[in-house]
Amino acid sequence: MASKFGLAGGIPERRVRPIWDAVDSRQFKNALKHVTTLLSKHPNSPYALALKALVLERMGKPEESLSVSLKAKELLYANDSLLMDDLTLSTLQLVFQRLDHLDLATSCYEHACGKFPNNLELMMGLFNCYVREYSFVKQQQTAIKMYKLVGEERFLLWAVCSIQLQVLCGNGGNKLLLLAEGLLKKQVASHSLHEPEALMVYISVLERQAKFGDALELLSGKLGSLFMIEVDKLRIQGRLLAQADDYAAATDIFHKILESCPDDWECFLHYLGCLLEDGNIWCDEAVNDPVHPPKFINCKVSHLTDEQFDSRISIASDFIQKLQEDTTNNMIRCPYLATIEIERRKHLRGKGNDDNLMDSIVQYFCRFGHLACFTPDVEMFVEVFTPDKKTELLGKLMKSSEALSTPPIKTLGLSISLFKIQQLLLGGMFKSSIGDLELSCAQMSEMYCKNLPLSKDLDPQEGMHGEELLSVTCNVLVQLFWRTKNVGYLVEAIMVLEFGLAIRRHVSQFKILLLHLYCHFGALSVSYEWYKSLDIKNILMESVLHHILPQMLVSPLWTELNSLLKDYLKFMDDHFRESADLTFLAYRHRNYSKVIEFVQFKERLQHSSQYLVARVELPILQLKQNADNIEQQEGILESLKCGNHFLELSNEIGSKSLTFNEDLESRPWWTPTSEKNYLLGPFEGISYCPREVLTKERETNLQRDIEKKSLLPRMIYLSIQCASSSIKEHAKVNGSVTPDVFSEMKLLLERYAQFLGYSLSDAIEVAMGLSSGGRSSVVSGSNLIDWLNFTVFLNAWKLSSHELVQPDRNGFRPQIWNILDSLLEKYILEKVRSIEFQLCSPWSDFQLLMQLVTEPLAWHGLVIQSCLRLCLPSSKKKKKSESVYQSSSNLAHAITDSVQHLSNVLEQVIEWLSKWNKRPEDETLENILFLLRKDGPNNGPGKVFHILETFISSMNDVELGDHISQSLKSWSPADVARKIMSGKLKVLMEFSAICESKLKLLHSIKQQIAQL
Amino acid sequence: MTTMRRFCCNDLLRFTDVNLDHLTETFNMSFYMTYLARWPDYFHVALAPGSRIMGYIMGKVEGQGESWHGHVTAVTVAPQFRRQQLAKKLMNLLENISDNNYNAYFVDLFVRASNAPAIKMYEKLGYVIYRRVLRYYSGEEDGLDMRKALSRDVEKKSVIPLKRPITPDELEVMINRGDNWFHESAHLLLTFCIICFFYCLPNFYVVYIC
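Residue numbers (the UniProt record's numbering), protein chains in the order written: chain U, 1 to 1012; chain B, 1 to 210.
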């Protein structure tokens, strides 16, 4: 019952068009007007109603929209004689989808298909509904029905894809693939296949079942001609042969590909792997994470005899030699790097010769050393050498560079490569003496300045020649700081990068380094500015956000954090919402391999560790932001379903596997992951830039962390409940669910205690002993917040156990309340006293201080606010019994004591923070600049800074060109110093504002109690 | 050292180096995925040893009759792999696919009229200025539609320059109103065509066109 030509949902198209046009141009009011007119003429038209629902939804009226769309649905179901066309259904589907009611859309299509079982259009709509719901089995069944109906190849492939999805992303076992294979086999026999994508799917079905021979047969038969590009076919053939252990034939294939694509490195690795009968590269593909592929392939111990190995290697060498001879394009690097890889394989076999390997690297250097990619190209080979040999290699490279006669830009490139090799790759910066490192920094910065004229004619947006010298200098300066703890080196590193960015604003590598350096100074607001200047959006957030997010999570920059989290979550959630539609687009355009890829990618993102963290941290941020107002907090908690949703997440998280999608390569050496920062610890003398990341360990730790944090919203909610039932009779009067709250809180406390490594009773004992200092050894920087949060929740729980009726020996309140107050005081003031007024005071201590105030203290504040409500006159609904009166009075006293205590603590924190602000700016700036000048150019930091300053004062405007010389004139070290200080102050003042808000709350509580 | 292969979703998580470049636009997901879902042959990535992403090209094939053509939407190369003629390799790949697999008449791309170095580079690759599109970039700057004829266009008719400039409204925008997915996007798509930008210098190899 397809819509008739010129009719839309049974209504003439000319009447409908203005509505769609208005919707498309976002003139929703106008659209609604048109719809109303239309409905007056067609009051019972489901299509008109669906349009109205659509407009209402776009106007932000979801409830009205849902009710109208349900009416449309009803009409569709009720009247058999009504048209049931795809346009009506798809419009309704669109509305239901936007209202998060995919199930309703599906049931409409199911109903329609039941009514008109042979309508292909409706079946496709139904198939699409199942795609949106990721119901792979139903997708398969619908596709088969369509295939049976019209016999088209594409529907068969839709069914096959649905089967593959069951196996790869659902619960279907590998055996299902037999069914897919059977379907395809039958189709080939009767009608053959006509699309290269269909053939690719067929091959992947066979490959997954390890039926490599069958796949090869398919490829070499008539169907093989579906591949238009011969090389594509050869690659698959080679892969299949290698997996079938037919290495000889596979080698021939890859040999053939290399002849036509001599620069294809991956193909060369495949060639060599097959020649040496080492199938490791194929296994790796299955095992390794495609987002973080290994830098080089591991090799199995070859089963070849020595003679066989030698002869194969010699075949490879001859072939590569020939490729080199045939290559006229001097940009082709593969055959030259291949020589080094062959030497590496010999080395792994124990037949290596260091000199040969070294010589091949030197030759590669002579040819490609000037390229920025030279160092990462040879990285994997250098690791083969012993430290002595590495030094020897460096000597050889230096010698050969001296002998080379190249134009200035190439000479500069070669020098940069040498510095990179020396400092980063060979670990020079971890081993050389301080004097040598300083000298190296000076040389690099001098070289940068000297070569600036080479960039004179470049567009301001183009990369400058020699830019990398500044980032290597920065890396070495940070290393000098790590060794000496002389903060001047860090300031110098910042100066160097800011200098580079003054000349060219767009070097993302500098910005990332600066982001981390400013963060180390506590100038997080400046870090955030640099992050923003990177213009990170869309999918880049998933891979780049890790540079800033972890620091922001423990900072007082709540507005900025809120926008980071919201932008990121919006991007991810939008993708999850639209991903299925894009999958269907791939189905429709017969790009079946993309169907599987899209679904797998969506799953990858759904399991993203960062996504989970953001999902948990956003509500926690909201709770922190609203903790000073219990009514607002209750509103937030209500919107979070009283924390129940997060509790579910916490229960599930253990069984979820997480994906890590961060681009860790772009992180600086001193913080290879967000959990690690070498600069915070003593110099360890690591021998190379550590890049290995233990994903499994990260996963376990993160899972625990998320699991623990997801408990917070619920525990905060329950704490408020517990506190509000702290007077027995009151609870009874209000019909409170005290026993449930009490027992649930107990369960959660038990879980929380487990995270601290204790049973509940032991954890209580520890908490009780903390204030006397008896058990304080169990508390460390990493679990301090957890212990205090535990104590806050424990106190709230104790309140609901009605101890107030019979106060213990501590007077008016439970003992744990006293302990909690004194713990908060102890740890907060301890931090305040330990952080010195220094430029580079340990920032992690400040983060802890900030957390103490914004987490346990804030949650405790909520408990107090909840208690306060019990004491206020408005809550006295009935005349109080004597015991209630007594409790209420005790509670008021308890609150007063606590408020007094906490006010004192906060006042001290605010006083301490204000001291930072009182320091004269000029003096601070001078102190910072003094770090770079105090000892003159011969000792400690300042050498590089001196070189830059001298260069600016003596620069030649004509040589440098207008753009560079003007940029340099605007560069001001004092401005940079000011930025470090004001950035840090901004963060401290934000924190001060938070403390003041809390203090204000405590004062108001005090006043309210006084008025009782 | 360039392994060329089809771009895949996971590459979106690995192209940071390329896209952190300030001239390289990071589009929204539906943009990338629509290209992958519809024209996977036109979306290729170049890899260096260790599977590092050197750069990528995205494009599409569209048009009717003699205007059936390949189109370069974006081509970009990471900073450390510039000045190695990689953009040329990527462009050649797209041209070959348009020529051999899709039997297109020509390949076209858009460039800012002020971007002389980029125009020069494309001319070197065999592209000619076919027509000027007035105020194509954000309604401010003119765009140049550059074309290169493929083997099917034996008489090279597709690259005979138009004498008069055209407005963005006159550009053929492929919108299939019957396609539900695009229904609401049609308006946005048109807006996007107008606001999207193009910038290219010989050693940037960055192109953005819609």
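For the record, the hints were derived by calculation from the structure and aren't laboratory data. Predicted model only: the values in this text are computed from it and were never measured. Be careful, since some hints might not be right.
[Unchecked claim] Distance condition first, Cα-Cα at most 30 Å in a straight line; then the derived DSSO-like pairs of lysine-lysine:
{"hint": "1", "chain 1": "B", "residue 1": "LYS124", "chain 2": "U", "residue 2": "LYS537"}
{"hint": "2", "chain 1": "U", "residue 1": "LYS396", "chain 2": "U", "residue 2": "LYS485"}
{"hint": "3", "chain 1": "U", "residue 1": "LYS233", "chain 2": "B", "residue 2": "LYS163"}
{"hint": "4", "chain 1": "B", "residue 1": "LYS89", "chain 2": "U", "residue 2": "LYS256"}
{"hint": "5", "chain 1": "B", "residue 1": "LYS89", "chain 2": "U", "residue 2": "LYS322"}
How the hints compare with the structure:
1. B:LYS124 - U:LYS537: violated (34 Å)
2. U:LYS396 - U:LYS485: Cα-Cα ~34 Å, so violated.
3. U:LYS233 - B:LYS163: violated (45 Å)
4. B:LYS89 - U:LYS256: holds (20 Å)
5. B:LYS89 - U:LYS322: holds (23 Å)
The structure fails hints 1, 2, 3 (numbered hints given earlier, in ascending order).
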